Structure formats: C-alpha cells, structure tokens
Amino acid sequence: MKNFLALLAALGLGVLIILSLQNNTLFNEYGEDVTGRDSEEYGDREYGEENPASGPANIVTSIVADFRSFDTLGEITVLFVSSLGVALLLGGTKQKRLDLGFHPNFMLRIGSKALFGIILMTGVYVTIHGHLTPGGGFPGGAMIASSMLLLYLADDTFRAKIKGFKILESVAGSLYVLIGIAGLFFADYFLENFLNNGVVGDLLSAGIIPLIYVLIGLKVGSEISGVIDNFLTEEVV
Amino acid sequence: MLQFAAIILLMLGLYGLLTQRNVIKIIISLNILEIGLNLFIISVGYFEGGLAPIFTSETPANPNFVDPLPQALVLTAIVIGVGTTALGLALARKIYQKYGTLNLDEMGEN
Amino acid sequence: MSAILLIAVPLLAAFISILVKKVSPYLLLLVSLFALVYPFFMDMSDVIIGGFDSPIGINLVVNKFALTSLIAVNGLFFLVVAVNIAQYKKLSSILLVALAGLNGLLLTGDLFNLFVFIEISGIAAYLITTTNKKPLQTFNYLVAGTVGSSLYLLGLIILYNMSGTLNMADMATFVEGNGMYTLFPFLLMFIGLGVEAKLLPFNSWVKGILGHSNNLSGAMIASVYATAIALVFGKLLAGVFQIEGTLALIIALVLGITILAGEAMAYASTKAREILLYSSIAQAGIVILLFTVGLGAWATFFAIANGVSKFILFGVVNRLTEEVGSDEMDQLKGSFVNNKLIGVSFTVAALSILGLPLFFGFVVKMNSLIGFFEPDFVSNLPGGNFIFPIIILVASVIEGVYFVKLLTKLWYKDSDVKVNFTPLFKYVVVVLAVALIVFGLFQGEVEELVASLINPGGVFIWN
Amino acid sequence: MIEILMNIGFGLGVATFGFVLQTAMGGINRKIAARLQKRRGPKWYQEFIDIFKLLSKRATSHGWIFDFGVIMALGGIIGTAMFMPITSSIVAFEGYDNFFIFVYLIAVGMLGMAMSASGSGNPLASIGVMRALTTMLAYEVPFMVVVMTIIKLTGTSSLTGIAVAQQTGDFNWFMIALPLGFIVAVMSLMGMLGKKPFETYIAPAEIASGPMVEYGGKQLGMLFIMHEITIFIEVSLFVHLFLGGAETIIMFLIKYFIVYAVLNLVSNVLGRFKIDQVVTFFFKWPLFFAVVQAMIAIHLGWVI
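Chains as they are written, first to last, in the working numbering: chain A, 1 to 237; chain B, 1 to 110; chain C, 1 to 463; chain D, 1 to 304.
Errors might be hidden in some of the hints.
[Stated by the list, open to error] Partial pick of chain B residues on the chain C-facing surface, computed with a CB cut under 7 Å: (1) Leu51; (2) Leu89; (3) Lys98; (4) Leu102.
[What the hints assert, rightly or not] Each computed DSBU-like pair below joins lysine-lysine, with the alpha-carbon atoms no more than 30 Å apart: (5) Lys340/C - Lys163/A; (6) Lys25/B - Lys163/A; (7) Lys340/C - Lys96/A; (8) Lys25/B - Lys133/C; (9) Lys161/A - Lys207/C; (10) Lys274/D - Lys340/C; (11) Lys166/A - Lys90/C; (12) Lys98/B - Lys426/C; (13) Lys22/C - Lys94/B; (14) Lys405/C - Lys161/A; (15) Lys113/A - Lys25/B; (16) Lys333/C - Lys218/D; (17) Lys2/A - Lys94/B; (18) Lys25/B - Lys2/A; (19) Lys340/C - Lys284/D; (20) Lys43/D - Lys405/C; (21) Lys161/A - Lys133/C; (22) Lys98/B - Lys113/A; (23) Lys98/B - Lys96/A; (24) Lys94/B - Lys163/A; (25) Lys255/D - Lys405/C; (26) Lys21/C - Lys166/A; (27) Lys89/C - Lys98/B.
[Unchecked claim] Examples of chain C residues toward chain B, derived with CB under 7 Å: (28) Phe41; (29) Phe112; (30) Thr138; (31) Leu142; (32) Ala144; (33) Thr146; (34) Leu154; (35) Ile157; (36) Asp376; (37) Asn380.
Everything labelled a hint here was simulated from the structure, so no lab data went into it.
From a predicted model like this one, the values you see are computed outputs, not experimental measurements.
Every residue, glycine too, gets a C-beta built ideally from N, C-alpha and C.
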C-alpha cells in the first residue's frame with residue numbers, strides 16, 4: 001500500500017512537470033538561440049579580442065568565476081562546511097586506517113604511485129586551463145582528490161598529511177574572499193575583476209579568473225582529500 | 001528527449017526516497033533525484049544546433065552557442081550535491097556505530 | 001559601507017578559523033558582534049557584485065525590510081552564540097558559516113543565489129543538530145532538507161526556462177504577467193521552502209530535531225533559523241510571487257490547518273520540549289499566513305517577536321532538561337521556585353507568544369488581527385477573510401491553555417528540583433524578557449517602525 | 001501626560017462602576033432566585049458586606065506566587081474594565097475599545113488566577129484550574145466565530161463602532177439580525193460566567209469550590225472583586241455586541257439587568273454537566289450553529 005502511494009506520488013510529480021512544461025518551448029520545439037534570456041549578454045566577445053568585459057574563452061567559466069562568482073564562493077563554502085562536518089562527525093583525536101579487509105600486493109602499490117603523478121598532473125592541467133577549455137577548478141580539484149583516493153585504496157597503511165590539507169584549504173578559501181574584498185577596495189565592487197583581461201584565448205588572460213580557479217582547484221582538492229581521509233580512518237579505541 | 005530521461009530519474013529518486021528503508025539506499029535515491037535534476041537543468045539550456053559555449057580559433061563569426069547559464073548553475077548544483085552526500089554518508093556511519101544496523105525498521109526508533 | 005561585508009567577513013573568518021582552533025570561538029564572537037552592529041551603518045542601496053548590473057550579475061537588496069531582518073536575526077544569533085559557545089567550541093567554524101549563510105539569505109536579490117545560501121545555512125544547521133547526538137534524526141532532517149531544496153531548484157529552473165532570468169525583481173515582473181503558467185513552479189518552490197519553514201505536511205523532521213535539542217541547537221533552529229526562514233518566505237511572497245485569488249486561499253487554508261494541527265499537538269503533549277516545538281510549528285504557520293494574506297509588515301515583527309520568545313523558552317527548557325534528565329512536565333515540576341528570575345523571564349516569553357497585553361507579542365498579534373478588518377486593507381484572498389482571524393484567535397486560546405498548564409506545573413510550589421543557570425545566560429534571558437516588555441509598552445514606536453515598512457500605497461514593500 | 005492620567009482616572013471610575021453595579025445586580029438576582037424557590041433570600045447588599053468583611057481579615061499566604069497571582073488577577077481585570085465603554089460616548093480610552101483587546105486582556109486575569117491557584121499547592125485547586133481552562137477552550141471557539149461574523153459585517157472591531165452600527169440602523173440588533181449566532185452567544189456567555197450547566201470548574205459538591213479552595217481573608221475578597229468585575233465585562237461585551245449597546249446610562253442599566261437576570265433564571269433551573277460533556281456540547285451544536293450563521297450571513301448575505 002505504502003509503495004503504491006509512493007508510486008502515485010512519483011508519477012504525479014512527473015505528470016505535473018510535463019504538464020506544466022507543455023506551454024513553453026521546451027517540449028513543443030526547441031528554441032532557436034538564447035534571445036530573450038539574461039544569458040544573451042554572457043557571450044559578448046570574440047576569439048582574439050583584446051580586453052573585453054569578461055576575459056575567458058570558456059563562457060561557462062566566465063559565468064562561474066566572474067559574472068556569478070558569488071554563487072561559486074557560496075558553493076565552495078558548502079563544500080567547506082560539509083568537509084568540516086564530516087571531520088566533526090568522524091574525526092577524533094587519534095586515528096588509524098580503517099581495516100578494509102584486503103592487503104594490496106606489490107604491483108598495485110607501485111603502479112598506483114606511478115599513476116598518481118599522471119592523474120595529479122591532469123588535474124592541475126584541467127584546473128589551470130579552466131578558462132580556456134571545458135573543466136576548471138571543480139573537476140580539476142576532484143581529479144587531484146581522486147589521485148589521493150587512489151593512494152588510499154592501493155595502500156592500506158597510507159595516510160596523507162591532513163594538517164597540510166587544512167592549511168591549503170584555509171589559505172585558498174581566505175585568498176578567494178580576500179581577492180573579493182580587494183576588488184571592493186581597489187576597484188568598486190566585491191569580486192570585481194580588477195586585473196587586465198588580456199586576449200581571449202591566451203593562457204595568461206581573463207584577469208583574476210584563472211587565479212580564482214586555481215584557488216578553487218586547490219581548495220576542492222584538499223577538501224575532498226580530507227573527506228576521503230576521514231572516511232578511511234577510524235578512531236583508535 | 002533528454003527532459004523525459006531527467007523526469008524519469010526524478011520520479012525514480014522520489015519513489016526510492018519514499019519506499020526505501022535502508023540509510024544507504026536513501027542516500028542513493030537522493031543522488032538519483034539530484035542527477036535527474038541536474039540533467040533537467042542542462043536540458044533547459046540546450047537547443048538544436050547550438051555550439052559548446054567556448055571561443056576557439058574555429059568559432060564562427062556569429063556563434064550560436066547554447067545557453068551557458070544552466071551549465072554554470074549545474075556545476076554549483078553538483079558540488080552542493082557532493083557536499084550533502086558526503087555529510088549523509090558520514091551520518092550513515094554514525095548511525096551504524098550507534099544502532100549496529102542501517103535499516104530504519106530495525107532501529108527501534110521512529 | 002557595502003552590505004557585502006556581512007557575508008564576506010564571516011566567510012573569511014570561517015576559512016581562517018580552521019587553522020587557529022584556539023582562537024576561533026573568540027573570532028566567532030567578534031564576527032557575530034560585528035554582524036550585529038554593522039547593519040546600523042549600512043547604506044540603503046542595492047549592492048552589485050563583480051561590477052555587473054543585475055540581472056547579469058548578482059545583486060544584494062538592501063532595504064528597510066532587509067535591515068530589520070538582519071538586525072533581528074544577527075542579534076539573536078549573537079546572543080545564542082554568546083551564551084553557548086563555551087560549551088560548543090568545536091562548532092565555531094560551522095557557526096561562522098551559518099552566520100554568512102543566514103545573512104546571505106536575507107540579503108540576496110537573486111533566486112539561484114538564494115538556493116546556494118539555503119544550502120549553506122541548511123548544511124550548517126544539520127551540523128549544529130549533530131550536537132543532539134541523535135544521528136538518525138539529523139539524517140532525517142538532512143534528507144528532508146535536501147529534497148526540499150531540490151524541489152526549490154526544480155521550480156526555479158522551470159521558471160528560468162520560461163522567463164530567462166534569475167533575478168528576483170525581473171522574475172516578479174514576469175510572474176505578474178504570466179500568473180497561470182507559474183503556478184506549478186511556484187508550488188514546488190513553496191514546498192521546498194516549506195520544509196525548512198516547518199509547514200504541514202513537510203515538517204516530520206521537526207520532532208526528531210527539536211524534541212531532542214540541546215541548548216545550542218534548540219535556540220538556533222527554533223529561534224534564529226525559524227525567524228530567518230520566515231522572513232525569506234516573506235521576501236518571496238511579497239517581492240516575487242504576489243499570489244492572490246484561489247491559489248492564495250488554498251495556501252492560506254493549508255497554513256490554517258498547520259496552525260490548528262500544531263496547536264492541537266502541543267495541547268496533547270506532556271513533554272515540555274514537544275509543547276514548544278509544536279507551538280513553533282503553529283507560529284511559523286501564522287507568520288507565513290500573514291505574509292500570504294498581505295499583512296507583511298506586521299508579519300515581519302510577528303516573526304521577530306516569536307524568535308525572541310522562542311530563544312528564552314527553548315534556552316530555559318533545554319537547560320532544565322539537561323539537568324533533570326527528562327523533559328516530562330511532571331519531572332520538571334516546580335523548577336522555577338528556586339530560579340525566580342529565570343521563571344519570570346520564561347513566563348514573560350510564554351505570555352508574549354500568547355499575546356497578552358504589556359508584551360511585544362500582544363502588539364503584533366493584535367495589530368495583525370485588526371489589520372484584517374482595516375477598511376483600506378486589500379487582502380490577497382477572495383472574500384471570506386474572516387476565517388483566518390478566527391483561526392489565529394482560536395490558536396491563541398489553545399496556546400493559552402497549554403502554556404498555562406506548563407507554567408503552573410513549572411511554578412508548582414513544593415519542589416526539590418535545583419538547576420543552576422550561568423550568570424551570562426540569566427543576564428541575556430532577563431534582558432530579552434525586558435525587551436519584550438519594553439516593545440510591548442511603547443506600542444506607538446513599534447507602530448511607527450512597522451509603518452516604515454509600508455509604502456504610501458499601503459502595500460508592504462520589498463523593493 | 002495630564003490627559004493620560006485623566007483617562008486612567010476615568011478608567012478606574014468605570015471599573016469601580018462595574019464592580020458596584022455587578023455586585024448589586026448579583027445581590028438582587030440572589031433575591032429573585034430565592035423568591036422563586038420560596039425562600040426569603042439574603043439582603044440585596046449582602047455581597048458588599050461579605051466582600052468588605054473578607055477584605056478586613058488577615059489571611060495566610062502560600063508563597064509569593066500565590067500572593068502575586070491574586071494581585072495579577074485583580075490588576076488584570078481592573079485593567080480590562082478600564083477599556084470597557086459604558087455607552088457609545090462614555091469611553092475612557094477612545095479608540096482602544098477594540099474587541100481583541102478584551103479577548104487578550106481578560107486572559108491576564110484568568111492567568112493570574114490560575115497561577116495563584118496552582119501556587120497554593122492544593123491538588124483540588126489544580127483540578128479546578130484545569131477544568132476552568134478546558135471549559136474556556138470549549139466556549140471560546142463558537143463565541144469567536146460569532147463575533148468575527150459581526151466584525152466582518154460591520155467592518156470594525158471597535159465595540160462602540162459595532163454598537164453605533166446597530167443604533168444608526170445599518171443593522172438590526174444582532175440578536176435579531178443573527179438569531180442563530182445569538183443563541184450560540186448566550187450559551188457561551190453562560191460558560192463564561194460559570195453558570196449552570198457549565199459551572200463544572202467550581203462544582204462545589206465535588207471538588208470543594210474549585211480553584212478558590214485555599215483562599216481566605218484578603219485574597220478571597222480580592223478574588224471576589226475580580227469575579228464581579230469579570231462578570232461585568234462579559235455581560236457588557238454581550239450588551240454592546242448583541243443588544244445594540246446603549247445611548248444613555250439608563251438604557252445600559254436596563255439592558256444589563258435583563259441579560260443578567262434572564263441568564264440567572266435559566267441557570268437556576270438547570271443541572272450541571274460533567275467536564276467532558278461541556279467540551280463535547282460546545283463543539284457539537286453551538287460551533288455548528290455558529291459556522292452555519294457565519295455562512296448564511298457572509299456568503300449568502302442573509303442578515304435580517
């Protein structure tokens with residue numbers, strides 16, 4: 001009975017969504033372009049143009065780290081507070097690795113060390129090129145953290161230096177806010193892009209955006225690594 | 001068609017949330033719901049023939065990009081989802097420590 | 001000075017605080033004091049972030065309503081923190097994030113940004129409730145809250161698809177022109193926020209959280225968060241979705257049922273904390289009902305008066321429970337005989353919620369009721385407005401009964417219950433109780449404050 | 001400042017007037033009831049004598065809540081009476097004779113009483129208080145519905161406003177205009193006054209005089225005064241709401257006397273309900289009638 005009601009509720013939600021969308025372009029025909037939406041103005045530049053209003057070649061990046069950078073600040077705060085929370089819930093004073101019930105062999109240990117570097121470098125690359133290519137701080141950070149995860153999984157005695165992560169996390173987050181406040185004091189607005197925008201498409205372009213994305217990458221990477229550490233350790237009884 | 005996939009995922013997630021009694025399964029349902037939602041958000045920005053919103057040396061003069069805003073929003077939504085999932089899993093571990101089970105029916109509360 | 005600092009400074013402090021654990025409680029105190037004082041020096045103009053005008057960028061809306069809300073919420077936050085921080089030093093960073101999140105909720109002028117802040121403050125709230133040491137209940141809260149915010153986001157995205165904007169002011173214009181189509185997304189967003197705001201039937205988490213709350217989590221969730229969420233609701237109902245007609249009537253009826261059900265459950269309960277939590281469900285219903293009907297200015301102060309009272313009530317009851325080991329009324333019998341000062345303050349808070357004269361609650365409750373019958377009051381509901389004042393009055397009568405029941409038990413003469421309150425807590429509670437009385441006595445001044453929230457057209461302003 | 005003091009003085013005058021009036025009425029009605037039962041009955045001023053005698057006596061105290069509660073009860077009720085209009089022009093605080101003010105102010109007195117009674121530590125008093133609260137819950141709901149109907153019709157919540165609306169002929173007296181509502185209000189009024197069949201919370205034979213069981217001397221005297229003024233407020237409310245208020249004091253006295261005497265006579269021929277019967281009774285017919293009346297009056301617009 002309960003399952004049936006749940007089914008009804010779920011179906012009801014789906015039907016309502018579809019019905020409510022009948023009257024707009026989504027279902028009847030796809031729109032032609034973004035005309036009429038606010039996002040019209042986000043792509044207002046050309047490849048190779050010098051010093052446009054917003055610099056990155058990747059428009060999504062320009063939204064994430066420039067137009068709506070404030071959302072992103074909130075977003076890393078969410079990640080920050082949930083990693084704090086995981087540490088609060090699972091962390092203790094003295095910790096040891098969780099017994100996963102298997103012991104990796106020699107090949108796995110060595111192979112993972114080799115792969116670690118490659119994954120880490122890919123993560124760094126994706127982070128640094130966030131304003132030019134798909135990717136950026138969040139995927140890059142997640143890749144950095146996944147390299148840590150590999151180390152944890154492939155070696156049942158491995159533990160990273162959590163203290164280092166903490167410092168990285170704190171410094172990267174603080175710098176993000178400080179860059180924002182610097183915008184408030186050196187230019188006019190919080191989080192304003194007060195550096196030279198350069199040429200669209202160049203690696204060194206888009207003002208503070210690559211800087212912010214690197215900070216985000218470091219922060220996300222260290223936070224997720226911290227979460228991984230918390231999940232794979234337990235308190236010494 | 002992407003919208004229908006997204007809506008089906010949303011429905012599946014909601015159904016799972018309402019019927020499952022296992023903490024981990026509830027978290028998985030929550031994730032399915034969120035993935036459906038994220039797909040839905042992406043679908044809102046898409047239209048046929050739209051280009052990926054990145055300027056390269058091959059971008060035509062008057063590029064017809066897809067709406068980049070939903071893509072930026074979905075990035076935020078994904079990260080927030082990751083945060084809540086991590087927290088939910090940490091809580092699940094706490095629950096297991098306390099009750100010795102992950103099944104809500106066997107905890108003797110509620 | 002720019003309003004952005006109210007969000008940026010707590011965030012910066014939060015990021016720094018994880019490195020300097022020893023100092024972080026002081027940092028928290030300092031920053032929350034800053035957040036309390038700062039709104040008094042703020043300019044009343046919209047703040048643009050990143051140098052892009054809205055709707056391209058995100059803006060913060062600073063108006064009388066936002067200022068009033070900020071002062072109230074930050075004031076309560078500061079007091080809760082000041083009283084409890086010694087016991088919960090570990091939570092300093094999380095509380096800093098919570099402060100940033102709450103300020104963001106009250107300030108932001110962008111609907112997606114609001115979602116981000118809902119999540120920030122929400123996650124901080126889940127973590128604050130982990131101090132109850134009831135992981136299962138916190139988990140339920142987390143699931144309910146996440147589903148709620150997902151529904152909010154779903155509604156928002158559907159709206160974006162239709163209108164192409166995320167900015168509140170632009171959205172308001174769009175909604176006005178397309179009433180019918182925005183119905184479903186609005187309902188989704190309403191449900192999403194309704195989870196946090198404790199509305200029926202999305203409030204199943206409340207009992208698990210507040211029924212096991214401690215000094216910090218009880219006051220935080222029931223007082224600070226409840227006030228903030230109610231005011232956000234008001235912001236959306238007054239500023240974006242000016243609902244009226246049948247839809248408003250249906251929502252108002254749901255709220256009416258929330259109120260009566262909450263009061264009835266409180267009446268039936270024998271546990272002190274449960275009485276308070278059900279009562280706060282009913283109060284949330286009343287506040288949002290007033291916003292829905294169109295009495296926004298008084299609803300704002302209703303929410304604030306309720307927040308102040310709930311701080312005292314939950315603070316005292318949780319302390320008593322901690323010491324006695326049970327929150328059954330019969331166990332707490334006579335707790336106030338040895339703590340007269342606390343007892344009197346508690347009584348004042350309870351009576352203020354009830355709406356007795358001399359107290360702040362009376363001023364807001366009575367003016368809200370009179371507001372229903374003002375000749376120039378334009379209601380958002382069609383016709384039968386009179387049923388809602390009846391609901392509020394009946395709710396007050398039921399409140400009267402269970403609060404008197406609670407008070408008489410707590411004041412019972414013969415008792416050996418001995419509970420020690422810290423001097424700081426006593427001081428804060430007494431100051432708040434005095435504030436309730438002062439606001440209750442200077443009715444005219446309160447009315448002037450409220451009048452400043454209403455523009456010459458007689459409509460509650462948000463922009 | 002002077003004006004406020006004058007107003008307060010005026011208000012105190014109203015309260016005193018109410019006290020004297022109701023105490024006298026009470027005495028007269030005791031006499032009437034006695035005559036109906038073929039007794040001689042006490043003198044009409046017997047209640048004054050009782051109260052002044054009690055006030056002159058010393059009394060034991062049961063702790064400060066007990067004492068404070070009594071003062072709060074009396075103060076609260078005098079405060080309420082100060083706002084009560086007597087005729088449409090004799091009002092102490094003009095503009096503040098709002099119905100909602102009375103609803104809330106009257107609760108202060110009740111609350112003081114409840115606090116004081118349970119502060120005495122006597123279990124019988126606690127039972128009495130609980131019963132009083134339950135009765136209140138029962139009769140308030142239908143009464144509120146009826147009064148809201150009136151406020152909705154007249155568009156004002158001020159008592160004099162409502163009275164004037166009836167006097168100027170915008171509406172008939174509401175006892176005629178809203179017949180069902182009037183019946184409900186009479187029943188509720190009997191509950192408010194604690195008359196049979198709703199006197200369960202005093203129930204002299206069962207629980208030894210209910211909330212007042214521990215009182216004597218001064219406190220009892222003060223509570224008597226409070227009781228008389230409460231009745232004055234409730235009956236006056238009724239007069240203003242349903243009987244068109246009063247243009248002159250004489251009219252007020254006549255209407256007041258009629259309402260009180262009729263209620264008294266009715267109550268004298270009835271038995272007493274049990275407490276659960278009180279609640280079920282009020283939530284059954286009066287509430288039903290009240291809602292029906294509201295529907296008829298507001299949605300259909302049928303007002304005689």
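Now for the hints, and whether the structure bears them out:
The interface hint given for leucine 51/B is broken, as the beta carbon of that residue sits about 19 Å from the closest beta carbon of chain C, more than 7 Å. Residue-level restraint check for leucine 89/B is violated (minimum Cβ-Cβ distance to chain C is 10 Å; threshold 7 Å). Given hint, lysine 98/B at the interface with chain C, holds; its Cβ is 6 Å from that chain's nearest Cβ, closer than 7 Å. Hint status for leucine 102/B relative to chain C: violated, with the closest Cβ pair at about 10 Å, above 7 Å.
With a C-alpha separation of about 49 Å, the suggested pair lysine 340/C and lysine 163/A falls outside the 30 Å cut-off, and the hint is violated. Between lysine 25/B and lysine 163/A the alpha-carbon distance is near 33 Å, which puts this suggested pair outside the 30 Å criterion. A threshold of 30 Å between alpha carbons decides the hint, and for lysine 340/C with lysine 96/A the separation of about 51 Å lies outside it, so the pair is violated. For the suggested pair lysine 25/B and lysine 133/C, the alpha carbons sit about 22 Å apart, so the restraint of at most 30 Å is met.
Our distance criterion of 30 Å between C-alpha atoms is broken by lysine 161/A and lysine 207/C, whose separation comes to about 41 Å. This hinted pair does not check out: lysine 274/D and lysine 340/C have alpha carbons roughly 37 Å apart, beyond 30 Å. The hinted pair formed by lysine 166/A and lysine 90/C meets the criterion: a straight-line CA distance of about 15 Å does not exceed 30 Å. Of the pairs offered as hints, the one joining lysine 98/B and lysine 426/C is violated, with about 35 Å between alpha carbons and a cut-off of 30 Å exceeded.
Among the hinted pairs, lysine 22/C with lysine 94/B is consistent with the structure: their alpha-carbon atoms are about 26 Å apart, no more than 30 Å. The hinted pair formed by lysine 405/C and lysine 161/A fails the criterion: a straight-line CA distance of about 57 Å is larger than 30 Å. Between lysine 113/A and lysine 25/B the CA atoms are separated by roughly 33 Å; this puts the pair beyond 30 Å, and the hint is violated. Only pairs whose Cα atoms come within 30 Å are accepted, and lysine 333/C paired with lysine 218/D is accepted, the gap being roughly 28 Å.
The hinted pair formed by lysine 2/A and lysine 94/B meets the criterion: a straight-line CA distance of about 28 Å does not exceed 30 Å. A distance of roughly 17 Å separates the Cα atoms of lysine 25/B and lysine 2/A; the hinted pair therefore holds under the 30 Å criterion. Annotation: proposed proximity of lysine 340/C to lysine 284/D is violated, straight-line Cα distance about 42 Å (limit 30 Å). Between lysine 43/D and lysine 405/C, the direct Cα distance comes to roughly 39 Å. Violation of the 30 Å bound is thereby established for this hinted pair.
Distance restraint check for lysine 161/A and lysine 133/C: the Cα-Cα separation of roughly 29 Å lies within the 30 Å cut-off, and the hinted pair is therefore satisfied. Between the alpha carbons of lysine 98/B and lysine 113/A the distance comes to roughly 37 Å, so the proposed pair goes past 30 Å and is violated. For the given pair, lysine 98/B sits about 20 Å from lysine 96/A by alpha-carbon distance, which is consistent with the 30 Å threshold. As the CA atoms of lysine 94/B and lysine 163/A are separated by approximately 24 Å, the hinted pair is consistent with the 30 Å bound.
Restraint check for lysine 255/D and lysine 405/C: not satisfied, since their Cα atoms lie roughly 37 Å apart, outside the 30 Å limit. Under the criterion of a C-alpha separation no larger than 30 Å, the hint pairing lysine 21/C with lysine 166/A is consistent with the structure, at around 11 Å. As the CA atoms of lysine 89/C and lysine 98/B are separated by approximately 24 Å, the hinted pair is consistent with the 30 Å bound. Interface restraint check: phenylalanine 41/C against chain B, minimum CB-CB distance 32 Å, threshold 7 Å, status violated.
The closest approach between the C-beta of phenylalanine 112/C and any C-beta of chain B is roughly 6 Å, which is under the 7 Å cut-off, so the hint is satisfied. A distance limit of 7 Å between C-beta atoms decides the matter here; for threonine 138/C the minimum to chain B is near 6 Å, and the interface restraint holds. Because the closest C-beta pair between leucine 142/C and chain B is about 6 Å apart, less than 7 Å, the hint holds. A cut of 7 Å between beta carbons decides the hint on alanine 144/C: the least distance to chain B is about 10 Å, and the hint is violated.
Checking threonine 146/C against chain B: minimum C-beta separation of about 5 Å stays under 7 Å; hint holds. With a least beta-carbon distance of about 6 Å to chain B, the hint placing leucine 154/C at the interface is held under the 7 Å criterion. About 5 Å separates the beta-carbon of isoleucine 157/C from the nearest beta-carbon of chain B, less than 7 Å, and the hint is met. The beta carbon of aspartate 376/C comes no nearer than 42 Å to any beta carbon in chain B, farther than 7 Å, and the hint placing it at the interface is violated.
The beta carbon of asparagine 380/C is not positioned within 7 Å of any beta carbon in chain B (closest approach about 30 Å), and the interface hint is therefore violated.
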